[in-house]
Structures are given as structure tokens and as C-alpha cells.
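Can you make the complete structure from the sequences, with help from the hints?
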Amino acid sequence: MAADMGDARPPLLRMEGISKRFGGVRALEEAELTVRAGRIHAVLGENGAGKSTLIKILAGVISPDEGRMLLDGGEVSFASPAEANRAGIVCIFQELSLIPDLSVADNIALFDPPRRFGLIDRRAQRRIAEEALARAGAPDIHPMALVKDLPLSRRQMVEIAKSLARQPRILILDEATSALTAADVAKVFSVLKRLRSEGLALLYISHRMHEIAELADECTVFRNGRNVASYPAGTKTDNEVVELMIGREYKHVFPPKPVSPPAARPVLECRNLSWSERLRDISFSVRQGEVVGLGGLDGQGQRELLLALFGVLRGCGGKVLVNGKPVALSSPGQAKADGIGMALIPEDRKTEGLMLPMSVRENLSFASLDRVSRHGLIDRAAEDRQIEEMVRLLAIRAGSLDMPVGGLSGGNQQKVVIAKWLMRAPRIILLNDPTRGIDVGTKQEIYQLLRRLADAGAAILFYSTDYDELIGCCDRVLVLYDGMIKRELVGKEITEHALIATALNISGEQAA
Amino acid sequence: MSETANLVGTRWLRRVDPAVATAFACIILLLAFGSLYSTNFLSPEYLLQQLKVASFLGVIATGMMLVILLGQIDLSVPWAVAVGGMMACAAAAYGTVGVYLAIPFGVACGAAIGLVNGIGVAYLRIPSMIITLATNAVAQGLMVVYTGGFSPRDSATAAMRFLATGSLLPGIPNAVVIWALIGFAAVFLLTRTTFGRSVYAIGNRERAAYLSGIDTRRIVMVAFILSGALSAFGGVLLAGYASKAAQAMGDAYLLPAIAAVVLGGTSILGGRGSYLGTIAGVILITVLQSILSVMQMPEAGRQVIYGILIVAMLLLYGRTPALR
Numbered sequence: 000m001a002a003d004m005g006d007a008r009p010p011l012l013r014m015e016g017i018s019k020r021f022g023g024v025r026a027l028e029e030a031e032l033t034v035r036a037g038r039i040h041a042v043l044g045e046n047g048a049g050k051s052t053l054i055k056i057l058a059g060v061i062s063p064d065e066g067r068m069l070l071d072g073g074e075v076s077f078a079s080p081a082e083a084n085r086a087g088i089v090c091i092f093q094e095l096s097l098i099p100d101l102s103v104a105d106n107i108a109l110f111d112p113p114r115r116f117g118l119i120d121r122r123a124q125r126r127i128a129e130e131a132l133a134r135a136g137a138p139d140i141h142p143m144a145l146v147k148d149l150p151l152s153r154r155q156m157v158e159i160a161k162s163l164a165r166q167p168r169i170l171i172l173d174e175a176t177s178a179l180t181a182a183d184v185a186k187v188f189s190v191l192k193r194l195r196s197e198g199l200a201l202l203y204i205s206h207r208m209h210e211i212a213e214l215a216d217e218c219t220v221f222r223n224g225r226n227v228a229s230y231p232a233g234t235k236t237d238n239e240v241v242e243l244m245i246g247r248e249y250k251h252v253f254p255p256k257p258v259s260p261p262a263a264r265p266v267l268e269c270r271n272l273s274w275s276e277r278l279r280d281i282s283f284s285v286r287q288g289e290v291v292g293l294g295g296l297d298g299q300g301q302r303e304l305l306l307a308l309f310g311v312l313r314g315c316g317g318k319v320l321v322n323g324k325p326v327a328l329s330s331p332g333q334a335k336a337d338g339i340g341m342a343l344i345p346e347d348r349k350t351e352g353l354m355l356p357m358s359v360r361e362n363l364s365f366a367s368l369d370r371v372s373r374h375g376l377i378d379r380a381a382e383d384r385q386i387e388e389m390v391r392l393l394a395i396r397a398g399s400l401d402m403p404v405g406g407l408s409g410g411n412q413q414k415v416v417i418a419k420w421l422m423r424a425p426r427i428i429l430l431n432d433p434t435r436g437i438d439v440g441t442k443q444e445i446y447q448l449l450r451r452l453a454d455a456g457a458a459i460l461f462y463s464t465d466y467d468e469l470i471g472c473c474d475r476v477l478v479l480y481d482g483m484i485k486r487e488l489v490g491k492e493i494t495e496h497a498l499i500a501t502a503l504n505i506s507g508e509q510a511a
Numbered sequence: 000m001s002e003t004a005n006l007v008g009t010r011w012l013r014r015v016d017p018a019v020a021t022a023f024a025c026i027i028l029l030l031a032f033g034s035l036y037s038t039n040f041l042s043p044e045y046l047l048q049q050l051k052v053a054s055f056l057g058v059i060a061t062g063m064m065l066v067i068l069l070g071q072i073d074l075s076v077p078w079a080v081a082v083g084g085m086m087a088c089a090a091a092a093y094g095t096v097g098v099y100l101a102i103p104f105g106v107a108c109g110a111a112i113g114l115v116n117g118i119g120v121a122y123l124r125i126p127s128m129i130i131t132l133a134t135n136a137v138a139q140g141l142m143v144v145y146t147g148g149f150s151p152r153d154s155a156t157a158a159m160r161f162l163a164t165g166s167l168l169p170g171i172p173n174a175v176v177i178w179a180l181i182g183f184a185a186v187f188l189l190t191r192t193t194f195g196r197s198v199y200a201i202g203n204r205e206r207a208a209y210l211s212g213i214d215t216r217r218i219v220m221v222a223f224i225l226s227g228a229l230s231a232f233g234g235v236l237l238a239g240y241a242s243k244a245a246q247a248m249g250d251a252y253l254l255p256a257i258a259a260v261v262l263g264g265t266s267i268l269g270g271r272g273s274y275l276g277t278i279a280g281v282i283l284i285t286v287l288q289s290i291l292s293v294m295q296m297p298e299a300g301r302q303v304i305y306g307i308l309i310v311a312m313l314l315l316y317g318r319t320p321a322l323r
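Listed in order, the protein sequences are those of chains A and B. Quick note: the first sequence, position 332, residue 331 per numbering that gives the first Met the number 0, numbers continuous. Quick note: the second sequence, position 45, residue 44 per numbering that gives the first Met the number 0, numbers continuous.
Certain hints may be false.
To give an idea of the interface, some chain A residues facing chain B are shown, with a C-beta separation under 7 Å as derived from the structure [as the list claims (entries may be wrong)]:
| hint | residue |
| --- | --- |
| 1 | L151 |
| 2 | P331 |
| 3 | T350 |
| 4 | E351 |
| 5 | S372 |
| 6 | L376 |
Derived from the structure by calculation, the hints contain no laboratory data. Even for Gly, the Cβ is constructed at its ideal location relative to N, Cα and C.
Following this line, the structure appears as C-alpha cells:
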């Protein structure tokens with residue numbers, strides 16, 4: 000379209016007709032992507048739209064079911080990340096790949112250390128590391144420092160240096176800035192712009208619209224496993240892009256909020272809560288019938304806050320009150336007990352929410368075993384009754400309740416995680432990014448469900464990495480920055496601009 | 000397409016675990032092979048005798064299975080068995096009260112070893128391989144101190160001998176009845192109670208179980224206590240069988256107990272396995288031992304064959320396709 004966006008050069012990379020399925024889920028369907036040298040190409044899309052799958056295929060982590068990849072016009076296929084690396088494709092994934100107990104230089108040269116007489120040439124390795132760090136805009140990091148001694152934002156710079164040491168032609172950044180402070184983000188951006196001028200092709204995956212606006216030359220939007228639009232950056236408004244991403248008009252996605260916030264008593268109160276360096280002096284309350292969001296960049300203490308409330312973290316300072324009474328919870332078992340009635344929908348359903356090889360049935364009733372048993376003996380009839388009710392309530396689609404829960408689609412797995420807690424009829428519901436990696440339809444069902452639960456009297460504390468969700472679902476949003484509540488947004492104040500500005504800490508005191 | 004086939008496959012898998020089926024098939028093959036040597040191998044007397052011998056291993060393997068289902072291991076079996084046998088016999092030397100309390104005392108000593116293991120693994124987060132090896136060494140040392148390094152003089156009580164060698168039901172050895180009772184209890188525990196459900200859950204994903212509000216540490220500790228107690232009870236029975244306890248009486252039970260559990264299809268990584276499989280594994284190991292001894296295979300050769308068998312079974316069943 001649009002005369003190849005005015006670029007006569009042949010594309011460096013073309014992916015055509017790429018399809019990939021994971022069990023019951025179609026991750027990519029006939030997807031296409033064209034990448035040119037000397038450009039920063041942003042890939043947008045909701046979680047689960049297929050971006051990560053596409054990147055993993057390109058980086059050789061997984062292979063596509065169908066489709067082909069052309070590099071410099073010649074067809075290529077990568078059986079491993081190492082092969083992709085040799086072809087000049089290097090990826091920086093969201094999760095850090097550094098080994099904490101090795102030095103920065105060891106990590107940077109890990110895949111292909113310089114050798115002399117079969118042994119690692121430490122002097123050459125250090126030189127390589129220094130060059131890579133300088134190129135990554137972080138010459139201040141000592142190559143002999145241990146990675147575990149570096150703060151998270153510095154580690155991310157090492158990660159970038161490590162990828163540059165592999166001499167990429169195409170550099171992929173998958174949410175690579177999510178752990179960075181605002182100052183580091185600026186540094187990374189200037190590095191990325193310099194790499195672009197050196198002729199590298201950069202693929203930039205991010206949820207942050209302002210980052211894309213600042214960096215990208217071209218954008219491609221993915222939705223439900225297909226690329227739905229490609230356009231030069233800056234030619235569409237944020238709202239148009241969001242509509243492309245979700246495929247329908249934005250405002251219909253969320254259930255209506257109550258006009259005025261409920262004036263009920265606070266169910267959950269938190270006073271001067273602190274934990275190590277990650278939570279500092281956090282005070283807030285959640286009233287009955289309220290959906291309170293936790294916002295901010297990833298890793299600013301939101302997860303720790305939810306875990307602290309649920310009794311998982313040891314050594315928390317401050318006070319937590321439930322129904323006005325101070326409580327000291329030291330385990331999830333105490334948090335879910337009858338007097339408290341708390342539930343936590345954890346972050347990662349595969350490792351924290353579910354026992355994947357166990358049956359749907361066993362997973363559903365697992366948090367409520369005390370409710371369906373007498374003296375440790377499971378009452379199968381009572382168990383089945385409660386399970387059936389939950390399957391109906393959440394419309395869980397499972398071939399059989401006896402199949403392993405790992406065989407369900409991501410959305411249905413997440414429904415099982417939620418259902419297993421709703422079975423207890425909790426009064427305080429903590430959610431840790433519950434819609435990550437699930438399809439749009441299931442997301443909507445979850446939004447509706449949250450509002451229904453709140454209307455029925457639950458107090459909901461809801462962390463999401465998706466700003467739209469916070470805007471659409473929450474009565475109030477607490478924006479965290481560096482373990483502190485930076486700002487509380489109420490009602491109409493909850494806008495993308497306010498969320499992002501507060502999250503990046505660019506409003507107020509940082510200007511000084 | 001392939002995904003529906005997978006689902007059907009997994010459903011079938013859950014109904015008839017191929018490991019269990021294979022283990023039973025191996026038993027039949029071994030007996031058929033043995034009958035080539037001597038027709039005695041198919042006689043009811045021989046089979047009942049094998050079942051009786053298998054009972055001792057069966058009791059011990061039951062405890063081992065609980066621990067393996069958690070994704071842990073109990074290497075203190077050898078001396079938990081010896082402690083059970085020796086302490087029961089020792090108690091018998093203290094008058095009538097001692098005679099009455101011999102069996103409970105022996106089992107309690109094993110439970111104490113299990114308690115130490117359990118506290119170490121669950122609360123102090125010591126890897127089970129290390130702590131159980133350590134308690135095994137400590138138990139051995141204590142027993143050597145107690146006996147002065149000689150074979151203990153005390154002999155088993157009449158009750159112990161009756162449990163191990165008598166037969167209350169005509170024709171069926173008591174040991175087999177005891178194993179059957181313990182087996183029923185184990186099946187019940189694993190399938191019908193919150194404890195059993197939690198054991199499987201912890202073996203699959205301890206973090207998820209903990210975040211579901213289960214007291215995972217208590218479950219782990221109780222499983223180790225049960226393992227220690229069952230090992231010691233196995234020792235009590237063995238002492239009754241031989242009329243006395245011996246220093247190294249448990250040494251021959253560690254590897255067979257692990258092998259029986261694993262051959263029966265219980266995942267060595269925890270979270271998956273059925274008691275039926277353990278029964279099959281126990282019988283398989285016992286018949287194998289019997290045939291090897293009939294063939295006059297030296298002890299060294301038997302050890303080699305155990306080791307190879309375990310590795311072969313792990314290769315066959317240890318790697319189920321990863322679920323998303």
C-alpha cells in the first residue's frame with residue numbers, strides 16, 4: 000500500500016503468510032511483516048494479539064506452522080536462536096536473560112566468548128564488553144561487576160549491550176523498556192536512534208503509545224493473530240490506533256461505572272505499609288462495591304503490594320485493617336479464612352494460579368477444599384455442585400472437567416483461576432494483571448464480572464499493566480512509582496495522559 | 000486435528016496409565032519367563048510366598064511414594080527400617096509393658112526420623128536429598144552406639160512374629176493383609192482427602208498450592224512423618240519375619256522402594272502417579288528379585304539390573320509432553 004511508503008530500497012526482511020497454533024489457540028494467522036534497514040518499526044497490538052509469537056518465530060525460538068521468511072530476498076528458516084543470531088537477528092526479550100552470578104563481561108560474551116588456545120581470552124572479552132557497553136550508551140557500567148550487584152535498570156542496559164555485541168542487523172526489543180526508569184528510557188532512545196542511523200533495522204514492541212510516537216518510523220498493528228494495518232508513524236491518532244488494536248469502538252468494551260462512587264465503609268485499609276525497599280509508606284482504602292486500580296510502570300511495587308496484603312511477604316511494616324479491625328496475615332491460608340475473605344488472582348496462571356497437569360475439577364475446587372470437605376474428607380457431591388455452578392457462572396469451556404487444565408485455552412485457564420477463588424465468595428478480591436495473554440472476548444467477560452462482583456458488595460483491588468483497563472474498569476486508580484503511591488486518580492481524572500504522566504513521574508516534583 | 004487427538008490421548012492416559020499397564024505386563028512376562036525354568040513359578044504357593052515377601056517392600060514403598068509425589072525423596076529409608084526393627088525389639092526387653100508397646104514404639108521412632116526430615120525440608124528449606132541422607136547417617140550412628148556395633152541381642156515379640164509370619168485368615172499371610180490394609184488407606188488418603196489432593200498439588204506446583212491458601216509446609220512435614228513411620232513399620236515386620244533385628248536390615252530396601260514407585264509410573268518429579276502403579280512396581284521388583292536369585296545372579300548383578308530398569312522406565316515415562 001501507499002507506494003511502499005516512499006521507500007525504493009528492497010526490504011531487509013519479509014515475513015509472509017505466517018501461521019502458528021498452540022494447542023487450541025490460534026496465535027498467528029497468515030501474518031505479514033516487512034522490515035527495512037535504517038528504520039524503527041513499531042509493532043502494536045493487545046496482549047495475545049500475536050506480537051510475541053511473531054517475534055519468537057523471527058528470533059528462531061519457535062518455528063511457524065506455515066509461511067516463509069525472506070532475508071535480503073532469500074528464504075531463510077531458523078531452527079534455533081543461535082541460527083537467527085548468525086543471520087544477524089538478535090532479540091531482547093521482556094524477561095532478562097542475564098546470569099546474575101557472572102560478571103557483566105561474561106554475560107555480554109556468553110554466546111561466543113573470544114578464545115585463545117581453547118580458553119576464554121578474558122582480556123579480549125573485557126574489550127568486547129567495554130565496546131558494547133559504550134555503544135549501548137552505558138560506559139559507566141564496569142565490565143567486571145557482577146550482574147546481581149546492578150540495579151534492574153542497569154541490567155537492562157547490559158542486556159542491550161549483550162545484544163549489540165552479537166552484531167545484529169535486525170534488533171528486536173520486546174517490551175525492553177518496561178523495567179527502566181524514565182532517565183534510562185531517554186538514554187535507550189538515543190542509543191536506538193543512533194543504531195537506526197547506523198543502518199540497523201529495529202523492531203520495537205511496546206504498549207506505550209508515547210514511546211512509539213517518539214521513536215517509530217513505521218507501525219504495524221496486530222489483532223487476533225493478523226496484521227490489520229501498517230502505516231507511517233504519526234499518521235493516526237492514538238484513538239484510531241486503539242480502535243485498530245481492539246477492532247471495535249473503544250467505549251463499548253467496558254461495562255458502565257456507577258455514576259457516583261459508593262459511600263460504603265472501607266473493607267480494606269492499609270496504613271503506612273512498607274516492605275524492604277520495594278514498598279514505602281503506602282496508605283489507602285478500598286470501600287465495599289469499589290473497583291480500585293493499581294497503575295504505574297511495571298515493577299513499581301504493585302505486585303509486592305498485592306502479595307503483602309495477601310500475607311505472602313515476610314517482614315512488612317505498617318498496618319492492614321479489614322472491616323476496621325487490624326489484622327496480621329502471615330499466609331494465604333489466613334487471608335482466605337472466613338473472617339477475612341480475601342482472594343488473590345495471581346500474576347502467572349501457569350506457575351501461581353494452576354496446577355497445569357491436574358484436572359479442571361481438581362483445580363477449581365482446590366482453594367475451597369475446606370468448604371467441600373469434613374474432617375479432611377472430600378465430599379464429592381458438594382464439590383461437583385460448586386464446580387458446576389462456577390463453570391456455568393463463568394462460562395468455562397472445557398471438553399471435560401477431568402481433562403488437565405493445561406489443555407484449555409489461555410482465556411479459559413484464566414477463568415478457572417478466577418472461578419477457583421469466586422467459589423469462596425470472597426469479600427476482598429486482589430487481582431494481579433488478570434487479563435494478560437488472553438483473548439479480547441474473555442477480557443470483556445472479566446471486566447463485566449468484576450463490575451458485577453463490585454455491585455454485589457466486593458471490594459476489588461486491581462493491578463493491570465494495560466492502561467485502558469484501568470481507565471475502563473476502575474472507580475479510582477492509585478499510581479505507584481518506586482514503591483510509593485504517587486497519585487490517586489478519581490473518576491474523570493483517570494485518563495491515559497494522567498496515568499502515563501504519573502507513571503513516568505513527569506508531573507510535579509521531578510520537574511525540579 | 001492433532002490437538003483433539005492429543006486431548007483424547009490424555010484422557011485415555013489418565014484412565015489407563017501406560018506405566019501401570021507396562022509394569023503389570025512385565026510381571027506376567029517375568030513369571031512366564033520363570034516358568035521356563037521351573038513350573039513352580041506359576042504355583043499358588045510360590046505366588047503367595049512372593050506376595051508375602053512383597054508386602055514388606057510394599058509397606059515401605061507406600062511411604063516413599065507419598066514423598067516422591069511431593070517431588071521430594073526420602074533417603075533415610077535404610078536406617079528408618081533398621082531403627083523400627085531394632086527399637087521394637089529393644090522395647091520388648093522391658094517387661095510386659097515393653098512387649099505391648101514394642102510395635103508402637105518402633106513405629107514412633109521412625110516417625111521421629113520422619114519428623115526431623117519433614118521439619119528440615121518444609122520449614123528449614125533443606126533439600127530433601129541432603130537432610131534425609133543426614134538423618135540416615137545420624138540414625139545409623141545412634142544404633143551403632145546403642146548396640147556397641149554388634150548385632151542386637153533382643154528378639155522380636157510374639158506379636159511381631161505373628162504379624163509377619165502368621166496367617167489369621169486361612170491361607171493368606173498376615174503380612175499380605177497388612178499391606179492390603181495400608182494400601183487401601185493410602186488409596187483413600189490420596190484420592191478422597193484434602194491431604195491427598197494437596198500432596199498432588201504441591202508435587203505439581205508448590206507455589207500455586209501455597210497461593211491457594213494451603214498450608215504446604217504442614218502437608219510436606221506430615222508426608223515425611225508418614226514415610227518414616229511406614230519405613231519403621233516395615234522394619235518391625237522384617238524383624239518379626241527374621242525373629243530379630245539386624246544392623247543392616249534396611250540397606251536392601253532403599254533402591255527397591257524408589258524403583259518400585261518409579262516403575263509404577265509415579266513421576267520422580269512429583270505430582271503424578273497412582274497407588275495401583277506402586278503395587279505393580281512392588282510386585283515387579285519382588286518377582287524380579289526372586290527370579291534373579293533362582294538364576295543365581297550375584298548381588299552385584301542385581302544392583303546393575305535395578306539401576307538399568309529405573310533409567311529405562313524414566314526414559315519411557317519420565318518425560319510426558321509438556322502442557323502449556
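Right, here's what the structure says about each hint:
{"no.": "1", "hint": "L151", "in the structure": "violated (22 Å)"}
{"no.": "2", "hint": "P331", "in the structure": "holds (4 Å)"}
{"no.": "3", "hint": "T350", "in the structure": "holds (6 Å)"}
{"no.": "4", "hint": "E351", "in the structure": "holds (5 Å)"}
{"no.": "5", "hint": "S372", "in the structure": "holds (5 Å)"}
{"no.": "6", "hint": "L376", "in the structure": "holds (6 Å)"}
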